[in-house]
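Place chain B on chain A using the hints.
Protein chains in written order, with our numbering: chain A, 68 to 176; chain B, 5 to 336.
For the record, the hints were derived by calculation from the structure and aren't laboratory data. Backbone N, C-alpha and C define an ideal beta-carbon position, used for all residues, glycine too. Possibly wrong hints are sitting among the right ones.
[Stated by the list, open to error] Below, simulated DSSO-like cross-link-like pairs (lysine-lysine); rule was C-alpha separation at most 30 Å, straight line:
{"id": "1", "chain 1": "A", "residue 1": "K119", "chain 2": "B", "residue 2": "K278"}
{"id": "2", "chain 1": "A", "residue 1": "K119", "chain 2": "B", "residue 2": "K158"}
{"id": "3", "chain 1": "A", "residue 1": "K143", "chain 2": "B", "residue 2": "K278"}
[What the hints assert, rightly or not] Simulated coverage check for chain B against chain A, where a stretch passes if three residues somewhere in it have a Cβ under 8 Å from a Cβ of chain A:
{"id": "4", "segment": "79 to 85"}
{"id": "5", "segment": "233 to 244"}
{"id": "6", "segment": "303 to 309"}
[Said to hold, decoys possible] Some chain B residues close to chain A (C-beta under 10 Å, calculated; not the full set):
{"id": "7", "residue": "V75"}
{"id": "8", "residue": "Q76"}
{"id": "9", "residue": "D94"}
{"id": "10", "residue": "E98"}
{"id": "11", "residue": "Q100"}
{"id": "12", "residue": "A207"}
{"id": "13", "residue": "S210"}
{"id": "14", "residue": "S211"}
{"id": "15", "residue": "L212"}
{"id": "16", "residue": "K214"}
{"id": "17", "residue": "L216"}
{"id": "18", "residue": "Q218"}
{"id": "19", "residue": "N219"}
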Amino acid sequence: MQTALAELETTYFTLQSQIGMLLSACKTQEDRDALTAKYVAARSAYWSCVNKAFHDDDPDVIALTTELDTANAQLKAAVQQLGEIKSVIDRITKAVTIGASLAAKVIAA
Amino acid sequence: MTNSHPATPKFLRRAVAAGVLLSCLFLAGGCKTSDDATAAASQLAATAKTLTNYYSALDTILGQTDQLNAVQVVLYGIPYDAPIKAEIADTRAEIQKRAAIAKGLTELAQNFAKLTGSTASTDASASAGKLETEVESLKLTKGKMSSDEQALMKAAVDLVVKAIQERKEREAAQGISKFAKALAGFFTKEAPDYESIARDYSAISSSLAKSLLQNGQTDPSGFFKVALDPYGLEPQITDPKLKNGIEMLAEQQVDLKAKALDEAHKNASDDMEKCLKQMADRIDLVANDKPMEVRTVPVTLANVEKWAEPFITKSLSSASSRSAPKAPAKTK
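With the rest of the complex left out, here is chain B:
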């Protein structure tokens, strides 16, 4: 997901030009709107950061889907051949590109928000150049629907860079507004795909969990802990009838949990969509020199973070040392 930029004259020119990129937000409407512009930039940074986390969580889900398919080879003897593995890997690469765009936008908005410092403009220019490259890196695999939004995002970044070169601050701010709108549209059109990817994960994992339960390959004694824990007792279930009974209960819980996973992702996806639209509207106000009175980030951002966090934690823990203690599961 990293991007390097050779110090070509074109890149340097764009980088210097983009150095004042976010100052456009501050300057677009004169001093009276600078507070609004600062607030909008900070809120955009927070929203883009949550979008990065959303995509990182989807990336983890795809990684686990890959592993689940490998488990099915062992459990069912279902082949997991290279072509299908490549399809999943390719989808994962596309999701990572979207995460990189969201991260690029986060950095850009963060640097915009602190443009008063002498080095901040250099940071902002680097962020703008990086974002441009990341938008260009998107494959047109999603057909005309998403490619329209990609074209809009690319045009918006081009507009911002050109406007800064020509010192047209208002146009640059409007370019950022267009980018935010296109990004929101891009997300909306792809959201059904994201939801399907999340459903695949819960479908395979629940199917495997139930198969293992039905074949007596799990230890369901944990279900009794609720009764035994208060008294410091450990379950030691030996009665087959009792085991069967608790396995049926466990199967029901697997179904309920799978449904809850699907619903949680659908809600997170809907909330992310709302946040992006809200931010696009707010940036639009600033770009058009209208007052933007809201001083808090979109309220539903927290819901998206809550959904994404366990997956990101899982990803981090698997990337770190195997001996590290497992993070406890998050509860709502």
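Okay, chain A solo, but in the shape it has when bound:
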């Protein structure tokens, strides 16, 4: 399925599959809180879209889906390599932020 939901699913599932390890890698409570907040946002965007229509023909949604696709590829690489946790959280933040915009577009469409 080449829809917005597929990209939001990728963001959310990438975090879900490694959430235990990512949380363990956090050295400070601040990092843990940031990571948890991003996870919650990714899960929320995913479930909002499960409940809504997927307007593939909306150009804004298509553009954001492509952008999220790129961000997801970077996120997957960052999570697999699990380097400096702050840069991993930055990647997560980027993907989740695009995901939130995409979810908002889908819901509004």
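Below, chain B alone, put in the same frame as chain A:
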């Protein structure tokens, strides 16, 4: 998922009219096709019953997803707030509505198949009225894609009711055919959503299972039972090195099982889609007075049932007494 119908004149009129609903299938092409119509009605009933089970299994999966999210609060400290809980509950309610439609169609087709009895027409009319209400209850949350199919289903039920009021049997049978086609299209368009819901369940459950394994919070000794069972011995693993080794094996098994769960649901979803399309084609033959020679239900129905059964068993066992013994896991 239950629906009550006030005895309004409109409902009664429709109920009486719909009383001969499935007789249309029998009468549409004259006596020579009545065997085909009976077979088609029975096959439609079996297919709709499997569709009900498919949706009931998805409902169980969503219920367990809700519980898994609650477990994550304890394990990871990830909040599971009311809005997200409501999103999942709302999705679950929508799946339950689809299960109600499939159940309504099952009852209607069953009553059609036994219309020779004097009370069967009353049953069929009640089933038709119920189905109409259930189709109307669907929210338009799926946007234009699914709402098109919903509109088609609603129009088809309206057509059936009107055609019976006017004693136009062939049109009524064609209405049922249209309903079956629209239902198949509805399923096809929503199938990616169903698959995503099932993947979410396996993603969270496998993630939690692996976390518990990695933190030494499981007893992996069961892996040794294959070697010890034949000799009546019980595992008692104390060597940490051995425990670590078996935990790695268990993690691999969790990954494999999660993948297998996703694949099993994808296959069940594809098979259900095929069955619905096959049934729509068969009903179309009967509605257009063409011979329908197939006398068996679509072969892939059994695959869908096999996938759904463990989830339905799980749902039933959790609904029954807590002291009841747990049903053994089904194996393929």
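Now for the hints, and whether the structure bears them out:
1. A:K119 with B:K278: Roughly 25 Å between the alpha carbons, so the hint for K119 of chain A and K278 of chain B holds.
2. A:K119 with B:K158: holds, 21 Å
3. A:K143 with B:K278: Status violated; Cα separation ~35 Å.
4. 79 to 85: holds (count 6)
5. 233 to 244: violated (count 0)
6. 303 to 309: As far as the segment 303 to 309 of chain B goes, the hint is violated, because 0 residues have Cβ atoms under 8 Å from chain A.
7. V75: With a closest approach of 12 Å, the V75 of chain B hint is violated.
8. Q76: holds, 8 Å
9. D94: holds, 6 Å
10. E98: holds, 8 Å
11. Q100: Given a least distance of 14 Å, the restraint on Q100 of chain B is violated.
12. A207: holds, 5 Å
13. S210: holds, 8 Å
14. S211: Given a least distance of 5 Å, the restraint on S211 of chain B holds.
15. L212: holds, 8 Å
16. K214: Since the shortest Cβ distance to chain A is 7 Å, the answer is holds.
17. L216: holds, 9 Å
18. Q218: holds, 7 Å
19. N219: Status holds, d = 8 Å.
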